[in-house]
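Listed below are the residues making up each chain.
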Amino acid sequence: MDQLLYAAEVVANGLMAGVMYALVALGFVLIYKASGVFNYAQGVLCLFAALTLVGIQQGQVPFAHLINAITGGHLDHFGWTVPSALAIVLTAAVMVGVAWAVNILILRHLVNQPPIILFMATIGLAYFLEGLGDVMWGADVKTLDIGIPQGVSETIEGWTDRAFGYGFFIDRLDLVATAVATALVAALVLFSQYTKQGRAMRAVADDHQAALSVGISLRFIWVLVWSIAGFVALVAGIMWGTKSGVQFSLSLIALKALPVLMLGGFTSIPGAIIGGLIIGVGEKLFEYFVGPMIGGATENWFAYVLALLFLVFRPQGLFGERIIERV
Amino acid sequence: MFYREAGDFKTSYREDSQTFPLALDRWAYRLLMAVAVLVVPFVIDGYWANAILVPFLIYAIAAIGLNILVGYAGQLSLGTGGFMAVGAYAVYKLSVAFPGINIVFHIIAAGGITALVGMLFGLPSLRIKGFYLAVATLAAQFFLVWLFNKVPWFYNYSASGQINAPDRSVLGWMVTGPLATPAAKYLICLAFAFVVAWIARNLTRGMTGRKWMAIRDMDIAAEIIGVNPLTAKLTAFGVSSFFIGIAGALFFAVYLGAAEVGEAFGINKSFLILFMVIIGGLGSIFGSFAGAAFMVLLPVALKNLLVGGFGWPTDLAAHIELMIVGGLIVIFLIAEPHGLAQLWRLTKEKLRLWPFPH
Numbered sequence: 062m063d064q065l066l067y068a069a070e071v072v073a074n075g076l077m078a079g080v081m082y083a084l085v086a087l088g089f090v091l092i093y094k095a096s097g098v099f100n101y102a103q104g105v106l107c108l109f110a111a112l113t114l115v116g117i118q119q120g121q122v123p124f125a126h127l128i129n130a131i132t133g134g135h136l137d138h139f140g141w142t143v144p145s146a147l148a149i150v151l152t153a154a155v156m157v158g159v160a161w162a163v164n165i166l167i168l169r170h171l172v173n174q175p176p177i178i179l180f181m182a183t184i185g186l187a188y189f190l191e192g193l194g195d196v197m198w199g200a201d202v203k204t205l206d207i208g209i210p211q212g213v214s215e216t217i218e219g220w221t222d223r224a225f226g227y228g229f230f231i232d233r234l235d236l237v238a239t240a241v242a243t244a245l246v247a248a249l250v251l252f253s254q255y256t257k258q259g260r261a262m263r264a265v266a267d268d269h270q271a272a273l274s275v276g277i278s279l280r281f282i283w284v285l286v287w288s289i290a291g292f293v294a295l296v297a298g299i300m301w302g303t304k305s306g307v308q309f310s311l312s313l314i315a316l317k318a319l320p321v322l323m324l325g326g327f328t329s330i331p332g333a334i335i336g337g338l339i340i341g342v343g344e345k346l347f348e349y350f351v352g353p354m355i356g357g358a359t360e361n362w363f364a365y366v367l368a369l370l371f372l373v374f375r376p377q378g379l380f381g382e383r384i385i386e387r388v
Numbered sequence: 017m018f019y020r021e022a023g024d025f026k027t028s029y030r031e032d033s034q035t036f037p038l039a040l041d042r043w044a045y046r047l048l049m050a051v052a053v054l055v056v057p058f059v060i061d062g063y064w065a066n067a068i069l070v071p072f073l074i075y076a077i078a079a080i081g082l083n084i085l086v087g088y089a090g091q092l093s094l095g096t097g098g099f100m101a102v103g104a105y106a107v108y109k110l111s112v113a114f115p116g117i118n119i120v121f122h123i124i125a126a127g128g129i130t131a132l133v134g135m136l137f138g139l140p141s142l143r144i145k146g147f148y149l150a151v152a153t154l155a156a157q158f159f160l161v162w163l164f165n166k167v168p169w170f171y172n173y174s175a176s177g178q179i180n181a182p183d184r185s186v187l188g189w190m191v192t193g194p195l196a197t198p199a200a201k202y203l204i205c206l207a208f209a210f211v212v213a214w215i216a217r218n219l220t221r222g223m224t225g226r227k228w229m230a231i232r233d234m235d236i237a238a239e240i241i242g243v244n245p246l247t248a249k250l251t252a253f254g255v256s257s258f259f260i261g262i263a264g265a266l267f268f269a270v271y272l273g274a275a276e277v278g279e280a281f282g283i284n285k286s287f288l289i290l291f292m293v294i295i296g297g298l299g300s301i302f303g304s305f306a307g308a309a310f311m312v313l314l315p316v317a318l319k320n321l322l323v324g325g326f327g328w329p330t331d332l333a334a335h336i337e338l339m340i341v342g343g344l345i346v347i348f349l350i351a352e353p354h355g356l357a358q359l360w361r362l363t364k365e366k367l368r369l370w371p372f373p374h
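Protein chains in written order, with the numbering used here: chain F, 62 to 388; chain B, 17 to 374.
For reference, chain B alone in the conformation it holds in the complex:
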């Protein structure tokens, strides 16, 4: 009733295969984008930008990247934190070395560097599979974090071992450093999230995505029907790391401003992003956004409720958060392995028939 496809006739192949086949969806999406671009930047304040919207957009980019690897190509990776660190350090070195070039290009280049590193660590995936590979990607995580900690060249020999984002602007607006306004930070993250989601969506429904999914569903069978596992797996690692590198670059340059590799890009970050992908929905771009939103909002909501509402100590709230996150992972895996994205799909199905379910 509310959500209808009746009267929505497709007359061309192009119309039939668009991302949002239903007119209602299309208009809802356009409305959302209009609000995001035309309204939010004018009402956003520092708290909303730093606590919710900017981390949400950055984590969404990282989750899309990991979702391509885990959800579409079926290669479980626990090295996300390490790859985000590559993006962060790459953008740092580039923006310090070439101050004349716009930082947007640095961020994209940082993604490219991360893609190369990701493909290098993806090479073993040709021989080892499943959780053997998951454990192998931990090698990337620990090695990269150690590397950025130990080699002073990466942090330009700074005394603290930290990297600090230099002040850079895009179209006259400061986007990094202390002078950046919340709106500018939000807008640049939104722009990247939009482009990444758009590329990912179109990659995953094209030939590349089908190859990834064939490898995921059964790699030997895929090989027999002519999917080259070498190119399929390496492109998955490359594209995934590209997005994760961009997320890492934004996370450092726009969100944190200063970072220390062990704290900002430790193993916990890898798990956090994996959880976003599981809760949001494996193999779904929308799920990556939903999972990122969920995992960003959950701690904020719990903190407001437990610490702000009940007056409980902060550490207790943090432990309960661990329990809830862990419990939710298990519940989602048991009850709804396709995550929030599948719940959303089911809701739409129900609304389509409402109020007559039969």
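The shape of chain F in the complex, shown without the other chains:
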């Protein structure tokens, strides 16, 4: 009985972890749907957003390292702190700027290239942004605190203890993340269903040529989509940054989101969420049941191998569009 309850707790924690993966995966899906670009840089966008948020919040001087190296000065902080809400708004503005720059400098020149080339360009973008983030704000590990509660939720622990005689350990941050993710998805659905820009976005996702011919500005929609993806990256960056600190490894969560996407299908928002949940639960359960037998740390590859095996049988993922190929 205890074992069963423990397994149930593992599942619950897996679901929470899955939500965090899905948050990152959402950004990928948005961009892929609207522009057919598989944006490898999404994870680095998360890191970049989190770094910028911490930097603005704590009043750091951007490029302080570089300026100090050139001038020999000792710049570091402006000496003020910015309230969290304002810092988030400012960071969102920076992300819009990044989206705009990416469109002007990269995507506009790569129209009509094969998807592989675009994919590799976003790998280059990922390296560039990673270097830029580090040069701007420094590479040291930073703590991100915007007042999200953390730690074990005593309410749930007490409640489950009374109900089953076994206290569930659920991190409060994960609960907040679940709520935020739900709100984010709801907002995205409402936006794409009920606003003019949202409709235009769906039209572009459906058919670039047709959207252009009815007078939708492709350029504007792409900037819009990348901005939204930047905003999603900011949300994911806040959650992951609060959880594990803002540091280089944050950009690696993109690598965690990739199998989620493969499982769910690149074009489907529900797919990203369900895929995230499956992978989250799957890797926790696998680590719990099989991990001890084969040396542990299976979380590094389990998601990939699961996605790989799944793709061999269903190449478009769970909810992906059927791939039709013609000569």
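The set of hints was computed from the structure by calculation and includes no laboratory data.
Cβ coordinates follow ideal geometry from the N, Cα and C atoms, glycine included.
Take these hints with a grain of salt, some might be off.
[Unchecked claim] Derived list of chain F stretches under chain B, where covered just means 3 residues or more per stretch with a C-beta under 8 Å from a C-beta of chain B:
id: 1; segment: 163 to 174
id: 2; segment: 193 to 201
id: 3; segment: 283 to 296
id: 4; segment: 312 to 320
id: 5; segment: 358 to 368
Given the coordinates of chain F, work out where chain B should sit on it, guided by the hints.
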């Protein structure tokens, strides 16, 4: 003017289809090889061997391997680091288990083992394509690194989890271990790079290479005209992994001497070699060398300039290097998708007409 083909008449089919059709190219190449074999080993010192020439040759082998897969067969792979690790661990296990056999055979056998592993992970390419496959090859990367980390048999139960290259010699010269001279390390890498480039060049212009390119350009059309996608893709994965395995074996045994899988063969290595292929030129053997040279020299040059010249801190230089590499990838993809190899081709075209461009 300087670069001329006038007066270079071909009288046989054989002459017409040689690798270097122009006499000037041929002689330049022979001169280069003569310098590489007859001059460099006598003037090389430890710094040049370890910082530039040996890594350049090893990365060139790996880049040729990846170029076959990505540039010729069109199958994007991010698992290069994992396959290099297979080569490294294979040569380690073999050279420890059979100390009597020459290490050259161990390195070749390590390539063969890597080829088998590569073909195994290449099997999904029959069903999934494009970046779905790229992501799937990440499975190979993470799984292999985890495997070599977790299963003690692979590192012979050593306490540190590292593998150490045993001392081995070729023709009486130590090539691995601390006693190896820079010249010996350089020469064995040069020999392998030469053979690999020669095989790759001839494979890619023969029937196999044409099949790969047909699959790359349009796989369904290729299938219709009679290219078997199964054999074409699996041979691409096999040959590519064979070369990458050799590169991994040399990287561990000759260059590093001791390796820990997560550090030496992590995901960054996969990207590094992919960048060499993109910057050098997709689908070009010369491009693989050019890209490897570029990516080996860039950090050295930046470090000398920023840290040595301006006195900037090392970490800042490392971050700026990331920015430059990332920026260059994007610039190359936009401005010259065929990389340095295409720039070289254009230069030759220009020189052919110089000084009268019309």
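Report task. Kindly indicate which numbered hints from before are broken by the structure, ordering the numbers from low to high. Result -> Of the numbered hints, just 3 does not hold.
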